[in-house]
Amino acid sequence: MARLNDDGQWIIMMAVIICIVLILLALIVNESMLVGKTTSESVLEFSKSDILDVKDEVSRIREINVNPENVGVADSHLEDMEHLSLARKSTILEISECNPAQMSIHFNNGVTQYEETVWYL
Amino acid sequence: MVGEEAQLYTIEGFAAAILIVVTAYLILNSTFILTPGDTHINDLQLEQLGNDVLRMMDTKNSFDSTAPNRYLQTQSYLEQWLSSNDPKLGFDPFVTQFQGYAGDSRLKLDAFMYYWDHGANRMGSYSLSPTIHSTSHEHYVTITKYVYLDNPGWDDPLGVSRTVLLEVQLWRD
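Residue numbers (this note's numbering), protein chains in the order written: chain H, 220 to 340; chain B, 26 to 198.
To be clear, the hints were calculated from the coordinates, so they are not data collected in a lab.
All of these numbers come straight from a predicted model, not from anything done at the bench.
We put the CB at the ideal spot given by N, CA and C, even for glycine.
Misleading hints may appear alongside valid ones.
[What the hints assert, rightly or not] Residues from chain B that keep clear of chain H, each with C-beta distances beyond 12 angstroms, as calculated: (1) A41; (2) Y50; (3) N86; (4) N94; (5) E192.
[What the hints assert, rightly or not] Using C-beta positions, here's what the derived DEER-type ranges look like: (6) M252(H) - F88(B): 46 to 52 angstroms; (7) D89(B) - G329(H): 22 to 28 angstroms; (8) N318(H) - W196(B): 38 to 44 angstroms; (9) Q98(B) - A306(H): 27 to 33 angstroms; (10) D294(H) - Q73(B): 31 to 37 angstroms; (11) D117(B) - V248(H): 27 to 33 angstroms; (12) F39(B) - N224(H): 15 to 21 angstroms; (13) V248(H) - S150(B): 17 to 23 angstroms; (14) L244(H) - S87(B): 19 to 25 angstroms.
All chains, full assembly: derive it from the sequences and hints.
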């Protein structure tokens, strides 16, 4: 074996350690990017805003037509929502007939299904 | 005979080279390149912003106790705008207000209103934005809001109470 000059052992050792640390840090950054992407994808896919919007509108329809003689008007509004939801958003929306005490919502857009029954006190 | 005096130096050189290449690969790999079909993070933020703004616009600031009925007492900006005789005229003020709420004057909008025609049993639509003759379009997101309209002025026959779907295309210029 060749006779090597072994004066700088510590320097070389530190270089190796620093390299390994750099690799680990790069790995962490790499993973975090992937996490951000997949998270935003799955958040986009979940129809949170659509469901919130449906709930908002149902409660608005109920609020305005809380008088029992307006049930027909409220039902026509709910029917509008069901038709528009299927036509524009490919979402099946079924809302029970307007009952000021209790309303149920069925929401299904092929990916997310949501059921809710609201009791109004 | 080949000289073999620097064997260890050579091995060390290889090891260092591999370390550097692997590190460089990982670092370069970590940078994120956004292509037009791959803008999920931006889309997510824009969609959330748009939905929040529409939600604010569909909520009345204060209760108007002088109005004759419950609907008018709590009529929101969107309900007022879309009930007018010709909502197209109100599009520019709508855009200004939208940009104000969002705090971003670079936002551009395109809006449609969809309603259900019970007589013909089909969907009707109403374009709210002026026609744009453009050949290309920035990447946009679509946000929607159901709006309660009581006796809207554009309706034929008048006197119908209906829920319409406001659909807004939103992009940054």
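Starting from the hint 38 to 44 angstroms, judge whether the C-beta atoms of N318(H) and W196(B) obey it. Given a distance of about 41 angstroms, which is inside 38 to 44 angstroms, the answer is holds.
Hey, does N94(B) actually stay past 12 angstroms from chain H on C-beta? 8 angstroms, violated
Quick one: work out the minimum CB distance from Y50(B) to chain H and report holds if it exceeds 12 angstroms, violated otherwise. 9 angstroms, violated
Can we trust that E192(B) is non-interface, i.e. its beta-carbon lies farther than 12 angstroms from all of chain H? E192(B) is in fact no farther than 12 angstroms from some Cβ atom of chain H, at 7 angstroms.
Non-interface claim for N86(B), where every Cβ of chain H lies beyond 12 angstroms: 16 angstroms, holds
Outcome for the supplied range 17 to 23 angstroms, where the beta carbon pair is V248(H) and S150(B): At roughly 47 angstroms between Cβ atoms, S150(B) and V248(H) fall outside 17 to 23 angstroms, so the hint is violated.
46 to 52 angstroms as the expected CB spacing between F88(B) and M252(H), which holds or is violated: 48 angstroms, holds
Is it true that F39(B) and N224(H) lie within 15 to 21 angstroms of each other by Cβ? Holds - the Cβ-Cβ distance for F39(B) and N224(H), about 19 angstroms, lies within 15 to 21 angstroms.
Could you tell me whether the CB distance from D89(B) to G329(H) stays inside 22 to 28 angstroms? Once the Cβ atoms are compared, 41 angstroms apart, the range 22 to 28 angstroms for G329(H) and D89(B) is violated.
Pairwise beta carbon distance, L244(H) to S87(B), judged against the given window 19 to 25 angstroms: About 54 angstroms separates the Cβ atoms of L244(H) and S87(B), which means 19 to 25 angstroms is violated.
Range hint 27 to 33 angstroms (beta carbons of Q98(B) and A306(H)) holds or violated: 31 angstroms, holds
Does 27 to 33 angstroms hold as the CB distance between D117(B) and V248(H), or does it fail? Because 45 angstroms falls outside the window, the suggested range is violated.
Hints 1, 2, 4, 5, 7, 11, 13, 14, counting from the list given before, are not met by this structure.
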